[in-house]
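For the sequence shown, our numbering begins at 1 and goes up steadily by one.
Derived by calculation from the structure, the hints in this document are not laboratory data.
Please note: incorrect hints may appear among the correct ones.
[Unchecked claim] Here are the simulated distance ranges between beta carbons: (1) 84 x 166: 28 to 34 Å; (2) 34 x 153: 43 to 49 Å; (3) 159 x 210: 20 to 26 Å.
Glycine is no exception: its CB is placed at the ideal position from the N, C-alpha and C atoms.
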Amino acid sequence: MTEMVHGTARAHAGDPVLPRWWRTVDKWAITCVLLLFGVGLLLGLAASPPLAARNGLPPFYYVERQAVFGAMALATMLVVSMMSPLLVRRIGVLGFAAGLVALALLPFLGTDFGKGAVRWYSLGFASVQPSEFLKPCFVVLAAWLMAAAQDVAGPPGRSVSFAVALVVVGLLAVQPDFGQAALVLFGWGVMYFVAGAPIALLIALAGAAVGAGAIAYNASEHFARRIDGFLAPDLDPRTQLGFATNAIQEGGFFGVGVGEGQVKWSLPDAHTDFIIAVAAEEYGLVLVLFVIALYAAIVIRSLWRLMRERDPFIRLAGAGLVAMFGAQAMINMGVAVRLLPAKGMTLPFVSYGGSSLIAGGLLMGMLLACTRARPQGEMSDVFGRGGR
Numbered sequence: 001m002t003e004m005v006h007g008t009a010r011a012h013a014g015d016p017v018l019p020r021w022w023r024t025v026d027k028w029a030i031t032c033v034l035l036l037f038g039v040g041l042l043l044g045l046a047a048s049p050p051l052a053a054r055n056g057l058p059p060f061y062y063v064e065r066q067a068v069f070g071a072m073a074l075a076t077m078l079v080v081s082m083m084s085p086l087l088v089r090r091i092g093v094l095g096f097a098a099g100l101v102a103l104a105l106l107p108f109l110g111t112d113f114g115k116g117a118v119r120w121y122s123l124g125f126a127s128v129q130p131s132e133f134l135k136p137c138f139v140v141l142a143a144w145l146m147a148a149a150q151d152v153a154g155p156p157g158r159s160v161s162f163a164v165a166l167v168v169v170g171l172l173a174v175q176p177d178f179g180q181a182a183l184v185l186f187g188w189g190v191m192y193f194v195a196g197a198p199i200a201l202l203i204a205l206a207g208a209a210v211g212a213g214a215i216a217y218n219a220s221e222h223f224a225r226r227i228d229g230f231l232a233p234d235l236d237p238r239t240q241l242g243f244a245t246n247a248i249q250e251g252g253f254f255g256v257g258v259g260e261g262q263v264k265w266s267l268p269d270a271h272t273d274f275i276i277a278v279a280a281e282e283y284g285l286v287l288v289l290f291v292i293a294l295y296a297a298i299v300i301r302s303l304w305r306l307m308r309e310r311d312p313f314i315r316l317a318g319a320g321l322v323a324m325f326g327a328q329a330m331i332n333m334g335v336a337v338r339l340l341p342a343k344g345m346t347l348p349f350v351s352y353g354g355s356s357l358i359a360g361g362l363l364m365g366m367l368l369a370c371t372r373a374r375p376q377g378e379m380s381d382v383f384g385r386g387g388r
């Protein structure tokens, strides 16, 4: 990979699409995503057979499905990463409109699959979680609005984007899905900060979010039960958090051995929300640190490339996408080690799940499109070109 040795090569206007894409895309980030997906398949081989046995399915049924969904996710990532920022923006706006309608119809047409939160549409052969696709599209829409606000006589894009964020958060709270709601607010807050928001206003918004959390605690039994379980001084060993915590402790530095872990037989969500507990038990701290390093590499590489970008839309969209990607990974792993209350959030590209994988491919494709090297990238806002 040329970039890994000689650095990023600039694109030339006359290059064919594929050579131009290969010369300008962040190959390190793509490599990290491929490694994360490989780790996900490896852990799926360990975590999913017990679930398949409980459901009367072939042992590697869920692994095979993950491979199919993963191939679709990687294809989506690569195709979207070849698009121009203008096309990414159009897809984001249209995707947001479709996702918002799907989110609004969930209380009437959705299902909870017995988990207490109506978050999915059941298609019979599969299920779809619209909030997963809505997140990257919301970031692109909000970035477009905030960038437009920087134009002379531009619209009040920051206020409009905040109103849109509140609508999305309200629809997510109805499910209830407070974890995704917090992630949407976090992504918007990062973009608002990058756009030049005063610190005092961000602190005020953080205080308002805490107040909303207090209201949710008193109004939602589902939310209160998770918070109480997180704050309890004694952890019930029969809960998912109890099983996960014990598995991490048992794994130590090098794990108990491939296939020797026991937590996968006790955790109903061992292949999704608590996949990192399976990794910690069977492969130890070594694999967990490797996974953390891959996520950190994607975040740092993306932010580094965005620092050289002067186009407001590209800079804001890229910052929001990478912040949301990194925060979701931290939240998932933080829940497993009891640093955060349970959120029902997957580990990007590692956890099983069709919606999570394909939406992750969409998000990563948009991020790669934003971080591609461009001859006009550092002066695009001066000349009024780039993503607008």
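Going through the hints against the structure:
1. The beta-carbon spacing between residue 84 and residue 166, approximately 30 Å, falls within the hinted interval of 28 to 34 Å.
2. The supplied range of 43 to 49 Å is met by residue 34 and residue 153, whose beta-carbon atoms lie about 45 Å from each other.
3. For the pair residue 159 and residue 210, the beta carbons lie near 22 Å from each other, so the given range of 20 to 26 Å is met.
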